[in-house]
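Could you build all of it, start to finish, from the sequences and the hints given here?
2 protein chains.
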Amino acid sequence: MAENKKLVEAITSMDEDFAQWYTDVVKKAELCDYSSVKGCMIIKPAGYAIWEQIQRQLDDAFKKTGVENVYMPMFIPESLLQKEKDHVEGFAPEVAWVTHGGLEPLQERMCVRPTSETLFCDFYANEIQSYRDLPKLYNQWCSVVRWEKTTRPFLRSREFLWQEGHTAHATADEAEERTILMLNVYADFLKDVLAIPVVKGQKTDKEKFAGAEATYTVEALMHDGKALQSGTSHNFGDGFAKAFGIQYTDKDNTLKYVHQTSWGMTTRLIGAVIMVHGDNSGLKLPPKVAPVQIMIVPIQQKKEGVLDKAYELRDRLIEKGFRVKVDDSDKSPGWKFSECEMRGVPFRIEIGPKDIENGKCIFVRRDTREKIDVALSDVETKAAELLDVIQRDMYEAARAHLESHTYTAANWEEFCDTINNKPGFVKAMWCGNQECEDKIKDELSATSRCMPFEQEQISDKCVCCGKAAKKMIYWGRAY
Amino acid sequence: MAENKKLVEAITSMDEDFAQWYTDVVKKAELCDYSSVKGCMIIKPAGYAIWEQIQRQLDDAFKKTGVENVYMPMFIPESLLQKEKDHVEGFAPEVAWVTHGGLEPLQERMCVRPTSETLFCDFYANEIQSYRDLPKLYNQWCSVVRWEKTTRPFLRSREFLWQEGHTAHATADEAEERTILMLNVYADFLKDVLAIPVVKGQKTDKEKFAGAEATYTVEALMHDGKALQSGTSHNFGDGFAKAFGIQYTDKDNTLKYVHQTSWGMTTRLIGAVIMVHGDNSGLKLPPKVAPVQIMIVPIQQKKEGVLDKAYELRDRLIEKGFRVKVDDSDKSPGWKFSECEMRGVPFRIEIGPKDIENGKCIFVRRDTREKIDVALSDVETKAAELLDVIQRDMYEAARAHLESHTYTAANWEEFCDTINNKPGFVKAMWCGNQECEDKIKDELSATSRCMPFEQEQISDKCVCCGKAAKKMIYWGRAY
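Each protein sequence line maps, in turn, to chains C and H. FYI, this note's numbering numbers position 251 of the first sequence as 251, with every residue one higher than the one before it. FYI, this note's numbering numbers position 341 of the second sequence as 341, with every residue one higher than the one before it.
These are computed hints drawn from the structure, not numbers from a lab. Hints should not be assumed to be uniformly reliable.
Repeated chains share a single entry, so a pair holds when one copy, or any two copies, can fit it.
Pairs of lysine-lysine residues, derived as PhoX-like cross-links and limited to a Cα-Cα distance of at most 20 Å, are as follows [to be verified]:
1) LYS354 to LYS467
2) LYS83 to LYS38
3) LYS331 to LYS251
4) LYS28 to LYS439
5) LYS382 to LYS288
6) LYS27 to LYS136
7) LYS320 to LYS64
8) LYS64 to LYS325
Structural data, given as C-alpha cells:
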C-alpha cells in the first residue's frame with residue numbers, strides 16, 4: 001500500500017489549493033503537458049481520447065440537426081479580418097501574424113485564425129445566390145490561436161481545439177431559431193454526456209462576442225464555486241452579411257441580406273469535466289465520455305486461470321459495446337486501483353482466484369467507492385446498469401452542488417458579502433447599465449455570467465446602483 | 001434530358017484534357033473550392049465527408065496496431081526546427097513564419113508546422129527515460145503548411161489535412177518493423193477501402209524524406225498514367241534521437257538512443273480516388289469510402305405512395321447500416337441521375353408507381369451503368385451483395401489498368417520511347433548513382449517512384465549509363 005499512497009499523496013488537496021489540485025490532476029492523469037512552445041499545450045493520449053469522445057458525440061448531435069462539416073483555410077488575410085469593424089477590434093490585439101512564406105515576405109500579412117467568421121462570410125458571399133441556396137449549415141473541427149498572456153491547461157491556451165459552426169439563413173427568425181437550437185444542443189450534451197448541469201441565458205452587451213447581435217451561453221459551476229463559460233451561440237443578424245455583401249435573390253425576386261449565426265465548444269470542456277467531477281483521488285469521468293469505462297484488475301494474476309478469466313470478461317463486455325481494458329501490467333493491485341482512480345475510470349472490476357472459485361467478481365465504483373459483488377454470469381447486465389446509475393448519480397451530485405452554491409442578493413451589502421464569502425453563482429438584479437457591470441468587475445472581480453432565460457424577481461432595484469431593475473443576472477467569478 | 005445533358009457537358013472529356021477534367025470534377029461534384037487565401041482550398045461538405053470516411057477507417061486501423069492519438073502545437077520555434085540538419089534544409093525554404101503575437105514582435109520567430117518530427121522529438125526527450133516507457137506509438141490528425149508555388153486541389157496546396165504518426169522504439173529492428181507495418185496498413189487501406197492497387201517499395205536517397213534513413217512508399221497509378229505517391233513511412237534510425245538527445249536506460253542499466261519512425265497520409269488521397277476511378281460522368285466512389293452509398297431516386301414522386309415507399313426503403317437500408325439518402329428535391333429524375341453520377345454514388349435505386357405495382361425497384365450501378373431489377377422484399381440482401389461486387393470490380397478495374405500500364409525498358413532508347421509515348425510505370429534497371437536519376441529527371445521529367453520490394457532482373461545494366469545494375473526501379477512521371 002506504500003506505493004499506492006505515494007501516487008495519491010502527489011496530488012494537492014482540492015480544499016487546500018484548488019488551482020494546484022487542478023494542475024496536479026492534469027499532470028498525474030496524463031491528460032496534457034506543457035510544450036517548448038510558450039502558451040501551447042500537448043494533449044496526451046488520455047486527454048485526447050476524452051476529446052475524441054466529445055467530438056464524436058457532439059458531431060453526431062450536430063448532424064442530426066442537418067449540419068455538414070467543411071474545412072476552411074487556417075489563415076486570414078489582414079484585409080479580410082478588417083471587414084467587420086467590431087469583429088476586428090475584438091480579435092486583432094490577440095492574433096498571431098504570418099509575415100513570411102518560405103524565404104519571401106508576404107505582400108499582405110495574414111493571421112492564424114482566432115475564429116473563422118470572416119472566412120465563412122467570404123465563402124458564403126460567393127456560394128449564396130438564391131433562396132434555394134439557404135440555409136447553409138456548416139461546421140468545422142480545427143484549432144484556433146489567440147495570443148493569451150496567461151495560460152492554463154485546457155482552460156486558456158494560445159492554441160486550442162474546437163468546433164465552430166457557421167450558418168446562413170433567409171430570415172432573422174430562422175437565424176434566432178438556429179442560435180437557440182444549438183445552445184440547446186450544447187446544454188443537452190453537457191447534461192447527458194458530461195453530466196454537467198448548466199445555466200442557460202444571454203450575455204450582456206459587455207460580454208457578447210465581437211460582432212454579434214446577441215450571444216447566448218451555457219454556464220457551468222466548478223467545484224470551487226467559479227463559473228466556466230462552456231459553450232456559446234451567437235446571432236449575428238445581418239451585420240456580417242452587410243459587411244461582406246452576402247445577398248440572395250428571394251422568391252419575390254428581390255435581393256436580401258442573409259442572417260447568420262455561429263457557435264462553438266472547445267477543449268476547455270475537458271477542464272470542466274475535471275473541475276466539476278474530480279476529487280482528491282483524481283479525475284472522475286462520466287461513463288458516456290470515459291475512453292475506458294471499465295478497468296479489469298486481476299488479483300494474484302500469476303495464479304493459473306486469473307488472467308484468462310479477466311480477458312474473457314473483457315471480451316464479453318467489449319462484445320456488448322463497452323470500452324474495457326485489463327490492467328495486466330506487473331504493478332501491484334493497489335497501485336492499479338489508484339491509477340484507475342486517478343484516471344477517472346467509472347468503475348473497476350476486481351477478480352482473483354477466490355472470486356473465480358465463488359463464481360463472482362467485485363465491481364468498485366469510482367464515484368462512491370461502493371463495492372458490489374456480481375455473479376460472473378451477470379457481468380454484462382450489471383455493468384450496463386451500473387454505468388447508467390453512475391452517469392445519473394454524477395449528474396445529480398453536480399446538480400446538487402450547483403443548487404447549493406447558487407445564492408441570491410437583494411442589495412449591495414448582501415451582494416458583496418456573498419461574492420466575497422460564498423463561492424458560487426449570485427442571482428441579483430441589474431439596471432441594464434454597463435457602468436454597474438464595470439463597477440462589480442473592478443471592485444469584486446465578478447462578471448455577469450448571463451441573463452438567464454428563467455428570470456426571477458429578486459427585488460425591483462439594481463443590486464449595484466439601486467435604480468429600477470431590468471433583468472436578473474447570474475453573477476460570479478469565472479475562469 | 002436537356003438539363004441532364006447540360007450538367008454532363010459542363011465537364012471536359014478526360015481524354016481531351018485530363019487536368020481540366022480533374023478540375024471540372026472537383027468543382028461540379030462540389031468537393032472543394034478555391035479561397036481568398038492564395039494556395040489554400042476550402043473543402044466543401046461532399047469532399048469533407050469523404051475525408052471523414054478515410055479518417056475513421058484509417059484511424060481504426062492504426063488503433064488496432066496499438067497507436068494512440070495526441071495533439072501537438074501547430075508552431076515550431078526556429079531553434080527547434082534547426083536541431084536536425086537535413087530536416088531543416090529540407091523544410092526551411094517552404095514554411096510560413098509567424099513573427100508577431102498580438103501587437104508585439106516575437107522574441108524568436110516560429111514556423112507553422114510543415115510536419116512535426118521536431119515537436120515529437122522535443123516531447124519524447126522529456127517523456128522517455130526508461131525502457132519501460134517504450135515503445136511510444138503516437139499519431140495526430142491535423143493540418144500542415146508548406147509554401148508551395150503552384151497548387152492543385154487536393155494534390156498540392158499550401159495547407160492540407162493529414163495524419164502524422166511518430167513512434168519511438170528501443171531497437172533498430174523494432175523501428176524497421178513498425179515502418180514496414182505502417183506501410184502495409186497504408187497499402188491494405190488503399191486496396192480494401194479505396195480500391196486502389198499500389199506498388200510498394202523504398203525511395204532512393206534522392207527522393208527520401210529530409211532526415212530519414214529510409215523512406216518507404218506506396219505508389220498508385222492515375223487514369224492518365226501518372227504516378228501519385230499515396231503514403232510514406234520513414235525509418236529515422238537514431239539520427240533524430242541523437243540530435244534531440246532522446247535516450248533511455250535499458251534493462252542492463254546502460255543509456256541508449258531510441259530509434260524512430262514517422263508515417264503520413266493526406267487529403268491527397270481524395271485526389272487519388274478521383275483520378276483512379278472517375279470517368280466522363282464524374283466521380284466514382286468505392287462503396288467503402290462513399291459518404292452516400294445508395295441514392296434512392298423516386299420516379300413520378302408526386303404520385304401517391306411513391307415518396308412513402310422511397311422513405312421506407314431508405315429506413316430499411318439505414319437499419320442495416322448502409323449510408324442512404326432519398327433525393328426528394330423538385331428536380332427531374334434525369335437531373336437527379338446525372339447528379340448521382342457526378343457525385344460518384346456507387347448505385348442508385350429508381351422506384352416509381354409501376355415498380356411499386358410490380359413489387360420491385362431498379363438498381364443502377366455507377367461503375368458499369370448496369371440496371372438490375374430487384375424485388376422490394378430483397379432490397380437489403382441485394383444491396384449488400386451489390387456494394388461488395390462494386391467494391392471488388394472497381395479494384396479489379398484499377399488493377400487491370402495498373403497492370404496494362406506498367407512497361408519494361410532494357411535500354412535508354414526503349415526507356416525514352418516508353419516514358420514519352422506510353423503513360424504509366426516503366427520498370428528499368430538502375431546503377432544506384434544519383435547522376436542517372438538526375439539525368440532522367442532533367443531529360444524526361446520522370447522520377448524514380450520506388451525500388452519495389454518485388455525486384456525483377458530486367459537486364460544487368462543501368463538503363464541510363466549502362467553500368468552494372470543494382471536495383472530495378474519503377475520510373476514514371478508523377479503528380
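Results for each hint:
no. : hint             : result
1   : LYS354 to LYS467 : neither (72 Å within a copy, 74 Å between copies)
2   : LYS83 to LYS38   : between (30 Å within a copy, 18 Å between copies)
3   : LYS331 to LYS251 : between (70 Å within a copy, 17 Å between copies)
4   : LYS28 to LYS439  : neither (40 Å within a copy, 57 Å between copies)
5   : LYS382 to LYS288 : within (16 Å within a copy, 36 Å between copies)
6   : LYS27 to LYS136  : between (41 Å within a copy, 18 Å between copies)
7   : LYS320 to LYS64  : between (25 Å within a copy, 18 Å between copies)
8   : LYS64 to LYS325  : between (31 Å within a copy, 14 Å between copies)
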